[in-house]
Amino acid sequence: MSEKTTNQKAWLLVAPVVILVAFNALIPLMTVVNYSVQETFGDNVFFWEGMKWFEDVLHSERFHASLLRQLSFTGIILAIEVPLGVAIALTMPKKGPWVSVCLVLMALPLLIPWNVVGAMWNIFALPDIGLLGKMINGLGIDYNFTQQPMAAWFTTILMDVWHWTSLVVLLAYAGLCSIPDAYYQAARIDGASRWAVFRFIQLPKMKRVLTIAVLLRFMDSFMIYTEPFVLTGGGPGNTTTFLSIDLVKIALGQFDLGPAAAMSLIYFLIILLLSWIFYTLMMRNEEQ
Amino acid sequence: MANITLNKIRHSYTADIEKSGDWALKEMDVVWQDGGAYALLGPSGCGKTTLLNIISGLLVPTEGRVLFDDRDVTDLPSDQRQIAQVFQFPVVYDTMTVFDNLAFPLRNRGMAPDMITARVHEIAQMLDLEEVLNNRASGLTADGKQKISLGRGLVRSDVNVIMFDEPLTVIDPHLKWLLRSKLKELHQQVKATMIYVTHDQTEALTFADKVVVMHDGVVVQIGTPVELFEKPNHTFVGHFIGSPGMNLLPCELHNGEPRFEGHTIGVSAPFKMPQPNAQLQIGIRPEFVRFAEQGLPVDIVKVDDVGRYRIVETRINNQTIKIVSPEGISIPADKAHIRFEQESTHLYADHWILT
Numbered sequence: 002m003s004e005k006t007t008n009q010k011a012w013l014l015v016a017p018v019v020i021l022v023a024f025n026a027l028i029p030l031m032t033v034v035n036y037s038v039q040e041t042f043g044d045n046v047f048f049w050e051g052m053k054w055f056e057d058v059l060h061s062e063r064f065h066a067s068l069l070r071q072l073s074f075t076g077i078i079l080a081i082e083v084p085l086g087v088a089i090a091l092t093m094p095k096k097g098p099w100v101s102v103c104l105v106l107m108a109l110p111l112l113i114p115w116n117v118v119g120a121m122w123n124i125f126a127l128p129d130i131g132l133l134g135k136m137i138n139g140l141g142i143d144y145n146f147t148q149q150p151m152a153a154w155f156t157t158i159l160m161d162v163w164h165w166t167s168l169v170v171l172l173a174y175a176g177l178c179s180i181p182d183a184y185y186q187a188a189r190i191d192g193a194s195r196w197a198v199f200r201f202i203q204l205p206k207m208k209r210v211l212t213i214a215v216l217l218r219f220m221d222s223f224m225i226y227t228e229p230f231v232l233t234g235g236g237p238g239n240t241t242t243f244l245s246i247d248l249v250k251i252a253l254g255q256f257d258l259g260p261a262a263a264m265s266l267i268y269f270l271i272i273l274l275l276s277w278i279f280y281t282l283m284m285r286n287e288e289q
Numbered sequence: 006m007a008n009i010t011l012n013k014i015r016h017s018y019t020a021d022i023e024k025s026g027d028w029a030l031k032e033m034d035v036v037w038q039d040g041g042a043y044a045l046l047g048p049s050g051c052g053k054t055t056l057l058n059i060i061s062g063l064l065v066p067t068e069g070r071v072l073f074d075d076r077d078v079t080d081l082p083s084d085q086r087q088i089a090q091v092f093q094f095p096v097v098y099d100t101m102t103v104f105d106n107l108a109f110p111l112r113n114r115g116m117a118p119d120m121i122t123a124r125v126h127e128i129a130q131m132l133d134l135e136e137v138l139n140n141r142a143s144g145l146t147a148d149g150k151q152k153i154s155l156g157r158g159l160v161r162s163d164v165n166v167i168m169f170d171e172p173l174t175v176i177d178p179h180l181k182w183l184l185r186s187k188l189k190e191l192h193q194q195v196k197a198t199m200i201y202v203t204h205d206q207t208e209a210l211t212f213a214d215k216v217v218v219m220h221d222g223v224v225v226q227i228g229t230p231v232e233l234f235e236k237p238n239h240t241f242v243g244h245f246i247g248s249p250g251m252n253l254l255p256c257e258l259h260n261g262e263p264r265f266e267g268h269t270i271g272v273s274a275p276f277k278m279p280q281p282n283a284q285l286q287i288g289i290r291p292e293f294v295r296f297a298e299q300g301l302p303v304d305i306v307k308v309d310d311v312g313r314y315r316i317v318e319t320r321i322n323n324q325t326i327k328i329v330s331p332e333g334i335s336i337p338a339d340k341a342h343i344r345f346e347q348e349s350t351h352l353y354a355d356h357w358i359l360t
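Residue numbers (my numbering), protein chains in the order written: chain A, 2 to 289; chain B, 6 to 360.
Hints in this document: simulated from the structure, not taken from any laboratory. One or more hints might be untrue.
[Claimed, not checked] Going by beta-carbon spacing under 7 angstroms, a handful of chain B positions derived as facing chain A: (1) 84; (2) 234; (3) 238.
[Said to hold, decoys possible] To give an idea of the chain B side of the interface with chain A (calculated C-beta under 10 angstroms), a few residues: (4) 86; (5) 91; (6) 98; (7) 99; (8) 161; (9) 287.
[Said to hold, decoys possible] Estimated spans, in silico, between C-beta atoms of each pair: (10) A:216 - B:34: 51 to 59 angstroms; (11) A:278 - B:133: 40 to 48 angstroms; (12) A:182 - B:162: 41 to 49 angstroms; (13) B:81 - A:273: 55 to 63 angstroms; (14) B:133 - A:281: 33 to 41 angstroms; (15) A:270 - B:140: 35 to 43 angstroms; (16) B:127 - A:182: 25 to 33 angstroms; (17) A:132 - B:49: 56 to 64 angstroms.
Computed from a prediction, not measured in an experiment: that's the story for all the values here. Beta carbons are placed, not taken as given, at the ideal position from N, Cα and C, and that holds for glycine.
Assemble the whole structure, with the sequences as input and the hints as a guide.
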């Protein structure tokens, strides 16, 4: 083999990527880091504050409350969307004309912009004029999501399930379709029950796509902003104020850029940490 | 244990069969004797797997009945037929250990745990799987996985028939041979009927006592390897089995004798007169063509030395005749005369043998 050639021009080939990443990730991130350790009153005048904002945020009861709300919300929607998505995928046909019908129906909610989803559900759930709100009240249940925390949570979760279960369905369906027929035939010959087929064939084969589905849903729901903002605006009171809504309130409502920047970084690290823990746990099983 | 009878079986995958006439399996009556080692041989797409799935109950035939001894099982699901099937791609339950994989069919049938353990160990010993019993099945090589698939069939002591659907496709060549002799050995031990689907004639002829040859949805011949070689019932059997395959030469009848290129050819047995428009062919295997002092004059086109014998390609007008010539026989330079051994020369009308 000949010697390796050295050609510094190769840097030109990676330069576009470096510039792109720098401008859309590194530089904005560093700006946030910059804000998080300083105090500013505008006019580009900065005062060094060190770790103060981080300590404030970590000890703030308001942050604890939003974080708890966020964790509960994400936990609940994962607990509903993943099993429901798998269940729907299992009932979808494997071939025939209905496949495309089902796929299009499933994809529809995913195509609707987030703020439109929020607006739709807002109107849909209004107790006086909304179809859903009117119906629930018609059943004799007192329901008003603009005033009752429980109703607000119920509506927000229902909206998220409606919007995002499809993603789990599509991923799980793709996993199911990749199982060769021979597996089902062998299971039939082995006398396996429907449950055994699910437990020992379908679930293991879906594991990889489900890992991706749970990760995506975890990250997305943990960062959720637009839909609950449009639907409830974080209310009534603070009851549906999730982390990102709280963050925007601090940053743009109160213009506390320092604490907001510190909170963004903590927020970011929490997502990163949880995703990493989750991914490692799922993959460790795989290697055994 | 039972004889398996296929009674007037026909199958089509298209719903509107009356209109299309598109039969994947054309009408057939086949009996599989209890304890036999069968090979189902034919090219891809000839209906082998369809036939197999009908026996195993994964498919219900469009017409006809499947009988296990006298019991009609046509409408019974696979798990109630006491059959086992090994698929082309190894099927193992990834999350289970090898032991659990082998125990799975027994557990599904509610057998007592200590009996399961005993039985699994017995089968694992037969298949040389004892050392890996506690490993995860997903970590095994393809041949190990294929042994597990086979083992899941063998553990059940009540199986009538074990079916293999091209089981060695994904196995490394040097392991193929080992696994094939293992199958043969197991057949002696367990004495269950085995049906082995393949498109590879070597696999079929080495494994089976009886070979069922299929072509285009039809069973064209059932016979021992020797019968298929010496007296093919159909021109397809002639050229599909054997290497090189049978020489098939167009001919016509002249005074009741087949004539080829102006020469009268003697055939093995007297025959009934064929339909007037039938396409007539003389079939002779290259092994039974000899060089002679006189006979058909041919030009020698090519000689391939394949070791223990040579394949000589000769030509008369536009017809190619191949000859397998053993070592030690000298081959004429470019012109020669050949003759056919009469007892191995057969006459075919529209591809079926005339008798």
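Hint-by-hint comparison with the structure:
1. 84: Where the cut-off is 7 angstroms and the nearest Cβ of chain A is about 4 angstroms from residue 84 of chain B, the hint holds.
2. 234: violated, 33 angstroms
3. 238: Since the shortest Cβ distance to chain A is 32 angstroms, the answer is violated.
4. 86: This hint holds: residue 86 of chain B lies near chain A, its Cβ roughly 8 angstroms from the closest one there, short of 10 angstroms.
5. 91: holds, 9 angstroms
6. 98: holds, 5 angstroms
7. 99: holds, 5 angstroms
8. 161: holds, 9 angstroms
9. 287: violated, 44 angstroms
10. A:216 - B:34: 51 to 59 angstroms: holds, 58 angstroms
11. A:278 - B:133: 40 to 48 angstroms: holds, 42 angstroms
12. A:182 - B:162: 41 to 49 angstroms: Violated, at about 28 angstroms.
13. B:81 - A:273: 55 to 63 angstroms: The hint (55 to 63 angstroms, Cβ to Cβ) holds, given that residue 81 of chain B and residue 273 of chain A are roughly 56 angstroms apart.
14. B:133 - A:281: 33 to 41 angstroms: This hint holds: roughly 37 angstroms between Cβ atoms.
15. A:270 - B:140: 35 to 43 angstroms: Once the Cβ atoms are compared, 40 angstroms apart, the range 35 to 43 angstroms for residue 140 of chain B and residue 270 of chain A holds.
16. B:127 - A:182: 25 to 33 angstroms: holds, 31 angstroms
17. A:132 - B:49: 56 to 64 angstroms: holds, 57 angstroms
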